[in-house]
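J.: Here the structure of chain Y is known, so what remains is to put chain U in place on it, guided by the hints.
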Amino acid sequence: MEDGKKGLDIFGLIKSVLFTDFVKGLVITLGYNVSRSITLRYPDTEKWIPYRRWRGMHTLNKDANGRELCVACELCSRACPTQCITVIPMEDATGRGIADRVAKVWKVDLVRCLFCGFCEDACPTTAVRLGREYELACHDLSCTVKEREGLLKPQPVPESFEGGVVVGARFVRTPGGISVVADLSKSRKRAL
Amino acid sequence: MPTLDLILEVILLTVKVAVLTQIIFALPMPLTWLERKIAGHIQVRLGPWRVGPHGILQPFADAIKLLFKEDIVPDKADKILFKIAPLIAMVPAFAVFAAIPLGDTFKIPVIGAEVKLYLSDMNVGALYILAIGGLSVYGMILGGWASNSKYALLGGLRCSAQMISYEIAVSFAVIGVVMLSNSLNLLEIVKSQGGSFLSWNFLYLPVGPVWFAIFLIGSVAEINRIPFDLSEDEGTLSSGYHTEYSGMRFSFFMLAEYVAMVTVSILSVIFFFGGWNAPFAFLSFIPPIAWFMGKVCFFIYFFMWVRFTLPRYRYDQLMKIGWKILIPLSLVNILITGLMLI
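Chains as they are written, first to last, in the working numbering: chain Y, 323 to 514; chain U, 828 to 1169.
Because the hints were derived from the structure by calculation, they are not lab data. Hints are supplied without guarantee of correctness; some may be wrong.
Claimed, not checked - Going by beta-carbon spacing under 7 Å, a handful of chain U positions derived as facing chain Y: (1) ILE869; (2) VAL871; (3) ARG872; (4) LEU873; (5) HIS881; (6) PHE1135; (7) THR1136.
As the list claims (entries may be wrong) - Quick partial rundown of chain Y residues pointing at chain U, CB under 10 Å, derived from the structure: (8) THR342; (9) LEU348; (10) ILE350; (11) LEU352; (12) ASN355; (13) VAL356; (14) ARG358; (15) ILE360; (16) ASP366; (17) TRP370; (18) TYR373; (19) ARG375; (20) THR408.
Since the structure is predicted, the reported quantities are computational estimates derived from the model, not experimental observations. Glycine is no exception: its CB is placed at the ideal position from the N, C-alpha and C atoms.
Next up, chain Y with everything else stripped away, as it sits in the complex (with noise of 0.2 Å):
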């Protein structure tokens, strides 16, 4: 082992000449300056679009004809480790949900969630999920308490989109705030 240390390293030294580790090291790079970049261009012209397992934001779901599956058991609010969720039942026979039973008052305190999907779980039926709504920053706190009303209100993007993927958006500037909506239409793979 010692030997080899000693004598001339003749291939290595033709190596060190003509440059053949520097000129290897600028191909690579060069490569890279050519390929695709793998930025992400959120949010001028496009947004990930989280796959079904994603929990975000809780939507609040109705059945076939319409009625809130929400029965106001309060068991989510049970379950919620950080009791962020506030249930408040009353009596409704107009039809509203799908048993006489229905929600007065639906509300979590998206500050203090975490997001761990348990209401999810003990919902009897199904009327919790936590859907792919992401972008939940907001200038006070008025918008981090989520009311019934808001969360009835069908999904950006719906159920039946698989997700997993990058697709167009468009930076929407309003006096209400900002949003970034998205176009299903167009989708690609993330790059890594």
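T.: Relative to the frame of chain Y, chain U by itself:
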């Protein structure tokens, strides 16, 4: 009594100086953008993107930011030296261009007048460039010294040691070129490489490529760019000699650095790659200035490309390369060149 011709000549020269200075002043703007773009793309990112299309207005945003920054002079700094050091670094970088030709003559298409694309046809051009180019190290040393900061002082000292070591190798490489082209005049050096690419100094085998390698390595060290930017090694010296500088004074140092990079690119083209000569005779319908700019752009890209390819050398390695490899190699190469020219 000066004749009309002389007055016209002086006016033309003044205009040329003004235009060239403006161009050089504006040049770092696209170069910073380009450097950040290339950095981004080599690292599979995008680089500047938000300010203007493809971030093209980013340099303007940076310039405005630098203009509005507070110009801080440290309390215990040597105030006068601290203030003039950026200028001392910047002026030689500009002064070098007095001897650098950007082409032979250029015929303006409509009026048919011929404009010389150089400021002065200096017969000691190569010498002048080496001498003035070597002066810019004073700005860096003084900047480092006057800051009254350990980091800046160490950066300045490293910078001076590095410049002195590599100046010798670069000068030897220029001597080699002068031997090959038989002139110190840059126009003559370019003329001697006319014809096809086979007569370029780079392809004067076997010594041409060696001279080029010495020149390139030495120049990269002299303009303080990675892999030899030991004087602003942020790992050990936070930012080297311009640690204490902010705002416009800092940008003068950056300006000097970018202009030096352009200078070295131009000199590589003039000394080794035939200047504005086309590589093939049948391609000479393309104007010489286009060839020249193309080659210079390649070298500018090359310097940025190298910056994001190689890591920084250790300081002792830097000195070892300079003193133990480049200088002996250039001495041997002078001998071989001389023997070949007999």
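J.: Tell me if the interface restraint on TRP370(Y) is satisfied: Cβ within less than 10 Å of some Cβ in chain U.
T.: Violated: closest Cβ of chain U sits about 16 Å from TRP370(Y), beyond 10 Å.
J.: VAL871(U) was flagged as interface toward chain Y. Is the shortest Cβ-Cβ separation under 7 Å?
T.: holds, 5 Å
J.: Does PHE1135(U) meet its interface restraint, that is, does its C-beta lie within less than 7 Å of any C-beta in chain Y?
T.: The hint holds - PHE1135(U) has a Cβ within 7 Å of chain Y, the shortest such distance being about 6 Å.
J.: Mind checking the CB of ASP366(Y) against every CB in chain U and telling me if the closest is under 10 Å?
T.: holds, 8 Å
J.: Can we keep the HIS881(U) interface hint, with Cβ of chain Y closer than 7 Å?
T.: Since chain Y brings no Cβ nearer than about 12 Å to HIS881(U), farther than 7 Å, the hint is violated.
J.: Does the interface hint hold: is ASN355(Y) within less than 10 Å of chain U, judged Cβ to Cβ?
T.: holds, 5 Å
J.: Is the interface hint satisfied for THR342(Y)? The criterion is a beta-carbon contact with chain U at less than 10 Å.
T.: Violated. Min distance 13 Å.
J.: Would the hint on LEU873(U) stand, with a C-beta cut-off of 7 Å toward chain Y?
T.: holds, 4 Å
J.: Does LEU352(Y) pass the interface check with chain U, least Cβ-Cβ distance below 10 Å?
T.: This hint holds: LEU352(Y) lies near chain U, its Cβ roughly 7 Å from the closest one there, short of 10 Å.
J.: ARG358(Y) was flagged as interface toward chain U. Is the shortest Cβ-Cβ separation under 10 Å?
T.: Holds. Min distance 8 Å.
J.: With 10 Å as the cut and Cβ atoms as the points, is ILE360(Y) at the interface with chain U?
T.: holds, 5 Å
J.: So, ARG872(U) near chain Y? Judge it on the closest CB pair being under 7 Å.
T.: Holds: closest Cβ of chain Y sits about 5 Å from ARG872(U), inside 7 Å.
Of the hints listed earlier, those the structure fails to meet are numbers 5, 8, 17, 18, 19 and 20, in rising order.
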